[in-house]
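Got chain A; can you put chain B on it based on the hints?
Spelled out, the chains give:
2 protein chains.
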Amino acid sequence: MNATDIQPVFSVNMLDRMDVLRPDILDNRHPDTDKYLLLSKGNVLLNSNKQCFMSAAELPQTLLMDALCVFLGGVDGIHYFALSLSPELAEQYEAIPLRAFVTAESVPNEQFGLLAEANSVVSWHHSHAYCSRCGTKSVPAYGGWRRDCPSCGAQHFPRTDPVVIMLVTHGDQCLLGRSYNFPEKRYSCLAGFMEPGETFEQAARRELWEESGVKGGAVHFVLNQPWPFPSNLMIGVHVEAQTTDLTIDLKELQDAMWVSKNEIKAALLGDQTLPFIVAPKEAIARNLLEYWVS
Amino acid sequence: MNATDIQPVFSVNMLDRMDVLRPDILDNRHPDTDKYLLLSKGNVLLNSNKQCFMSAAELPQTLLMDALCVFLGGVDGIHYFALSLSPELAEQYEAIPLRAFVTAESVPNEQFGLLAEANSVVSWHHSHAYCSRCGTKSVPAYGGWRRDCPSCGAQHFPRTDPVVIMLVTHGDQCLLGRSYNFPEKRYSCLAGFMEPGETFEQAARRELWEESGVKGGAVHFVLNQPWPFPSNLMIGVHVEAQTTDLTIDLKELQDAMWVSKNEIKAALLGDQTLPFIVAPKEAIARNLLEYWVS
Chain A
109 MNATDIQPVF SVNMLDRMDV LRPDILDNRH PDTDKYLLLS KGNVLLNSNK QCFMSAAELP
169 QTLLMDALCV FLGGVDGIHY FALSLSPELA EQYEAIPLRA FVTAESVPNE QFGLLAEANS
229 VVSWHHSHAY CSRCGTKSVP AYGGWRRDCP SCGAQHFPRT DPVVIMLVTH GDQCLLGRSY
289 NFPEKRYSCL AGFMEPGETF EQAARRELWE ESGVKGGAVH FVLNQPWPFP SNLMIGVHVE
349 AQTTDLTIDL KELQDAMWVS KNEIKAALLG DQTLPFIVAP KEAIARNLLE YWVS
Chain B
109 MNATDIQPVF SVNMLDRMDV LRPDILDNRH PDTDKYLLLS KGNVLLNSNK QCFMSAAELP
169 QTLLMDALCV FLGGVDGIHY FALSLSPELA EQYEAIPLRA FVTAESVPNE QFGLLAEANS
229 VVSWHHSHAY CSRCGTKSVP AYGGWRRDCP SCGAQHFPRT DPVVIMLVTH GDQCLLGRSY
289 NFPEKRYSCL AGFMEPGETF EQAARRELWE ESGVKGGAVH FVLNQPWPFP SNLMIGVHVE
349 AQTTDLTIDL KELQDAMWVS KNEIKAALLG DQTLPFIVAP KEAIARNLLE YWVS
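Sequence order for the protein chains is A and B.
109 is the number of the first residue of the first sequence in this note's numbering; add one for each residue after it.
109 is the number of the first residue of the second sequence in this note's numbering; add one for each residue after it.
Worth flagging that the hints you see were computed from the coordinates, not collected in a lab.
Treat the hints with care, since some could be wrong.
A few chain A residues facing chain B, derived, Cβ under 7 angstroms [said to hold, decoys possible]: (1) L154; (2) A224; (3) N332.
Pairs of lysine-lysine, BS3-like flavour, derived with a Cα cap of 27 angstroms [what the hints assert, rightly or not]: (4) B:K373 x B:K293; (5) A:K149 x B:K245; (6) B:K293 x B:K389; (7) A:K293 x A:K158; (8) B:K149 x A:K245; (9) A:K359 x A:K293; (10) B:K389 x B:K373; (11) B:K389 x A:K245; (12) B:K149 x B:K389.
If you're wondering where the values come from, they're calculated on a predicted model, not measured in any experiment.
C-beta: ideal position from N, C-alpha, C; glycine also.
Chain A extracted, bound-state conformation:
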């Protein structure tokens, strides 16, 4: 399997983001055709028909006027917006955590990118309500894609945090680690936030060394994925390990171990008799393992 044949979850978006419309779109909506996605604290809200896209007609006018609104883009002449609701306003809807929502079989692949886009930008507004330059409360602008400071004039743009996630191999063996918050038996690829001034390669070798004591050699890019929890960019790389002894950083990882390619193959097929299970389909870690065994 080529890496380019793999489509990680969240990597398909049916929308054209239509940047050119952003400056004026919130004042030029089309109540008859616009669609709204309601979010509240990382939850997708569903109407009584279990649908996540709602028309203007089924929403209270005050919500349309007052809630934080982000223009997501358009397709087939229909414009899509995200609305952010307070927990109180969200109470009248069924709320499903985004990650559970995308793992439900009912959501088509082409909607995942839209959901990632919406949750990342809305989350950013909530964690960036104040100007980081001067401390003044900032205001949404540019169709929800900017926050402007009324005091110092600074313009702030949504933040995306690059993360390296690593398929680490040594011959026929692959290194998997276990975080403290993982479900029982789950092991996955090591990962970590990139730091300013780093390349993918440097970040991967640094994180691998810090977390496991393994020395990394050659690093190759494999594939990437937006990860909207809240707004990461997962950069999947293959690291060829130069050493295999493990010195686990127990502040970061509960455990780590080398497993064979045959064990990974069996785990991907759902073998429950192994001492570990691998990441679910929405995780790029699983895509990296699929790439390796194919």
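For chain B alone, kept in the frame of chain A given last:
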């Protein structure tokens, strides 16, 4: 030439970042061996010997105690720190803009990564002095790698902005654009900030379409580079164009044009008779062109 044979400027760092030392290092300095890099508003400061690394002994004690200080890492038993100086305090030193400093032949390649790391983190402190969650003035922590809010308790980490920069080709032709702020005759690869919820591939096609009206097809990752002005991660990709007609977004670009591989080869060799010149050695755009013609 393989992409892996190319080392973009800023992509080599002589330091081990030594994350494990960060919590306590600023209170446990070694005045006899520590080295300090002084920065002020994007300038590297030089001492009277034209050196950018200074010992504790040659710096005022008040500066060592009071200036914003970031632990950069260590090599050969020596720890390196960045100090941020106000313009007033910087007056006694020779100041050189970072970009001019790295293009001077006197700086060894292995120091570039350190300079990128230092300028990005120091710049982040200045643009993020206040908590984006509640507006309170935050304080540096963790060896300069975090800012903590004394009011709401939020922890803030340095920001890195991913940017896609594109080698766009159609057969033997390559698309170059000209920004309004470029030096005379300079043309370079199109580029743009990635947005939340996007893949490299989506961001490249979107930016290409927005800026030039060209429809992008297959997108392949080529190489990456930290770009500390102030803190970008340049993700160099190859986009195979499906169309060639240009509709230039004149808000973003002054001009764009298709040029042949032979013209690019001549431009890389310094041919001044062409209607354009290409990016200088420190820019990944030049590396992308070198990759293409080789």
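Comparing the hints with the structure gives:
1. Hint status for L154 (chain A) relative to chain B: violated, with the closest Cβ pair at about 20 angstroms, above 7 angstroms.
2. Nearest Cβ of chain B to the Cβ of A224 (chain A): about 4 angstroms, under the 7 angstroms cut. The hint holds.
3. At its closest, the beta carbon of N332 (chain A) sits 5 angstroms from a beta carbon of chain B; the interface hint therefore holds under the 7 angstroms criterion.
4. Between K373 (chain B) and K293 (chain B), the direct Cα distance comes to roughly 16 angstroms. Compliance with the 27 angstroms bound is thereby established for this hinted pair.
5. Using a Cα cut-off of 27 angstroms, the hinted pair K149 (chain A) and K245 (chain B) holds, with the two alpha carbons roughly 25 angstroms apart.
6. Of the pairs offered as hints, the one joining K293 (chain B) and K389 (chain B) holds, with about 16 angstroms between alpha carbons and a cut-off of 27 angstroms not exceeded.
7. In summary, the hint linking K293 (chain A) to K158 (chain A) is not supported, as the alpha carbons are separated by about 33 angstroms, beyond the 27 angstroms threshold.
8. With a CA separation close to 25 angstroms, the supplied pair K149 (chain B) and K245 (chain A) stays within the 27 angstroms bound.
9. Between the alpha carbons of K359 (chain A) and K293 (chain A) the distance comes to roughly 19 angstroms, so the proposed pair stays at or under 27 angstroms and holds.
10. Under the criterion of a C-alpha separation no larger than 27 angstroms, the hint pairing K389 (chain B) with K373 (chain B) is consistent with the structure, at around 14 angstroms.
11. With a C-alpha separation of about 42 angstroms, the suggested pairing of K389 (chain B) with K245 (chain A) is violated against the 27 angstroms cut-off.
12. The straight-line distance between the Cα atoms of K149 (chain B) and K389 (chain B) is roughly 23 angstroms, inside the 27 angstroms bound, and the hint therefore holds.
Checked against the numbered hints given earlier, this structure breaks hints 1, 7 and 11; the rest are met.
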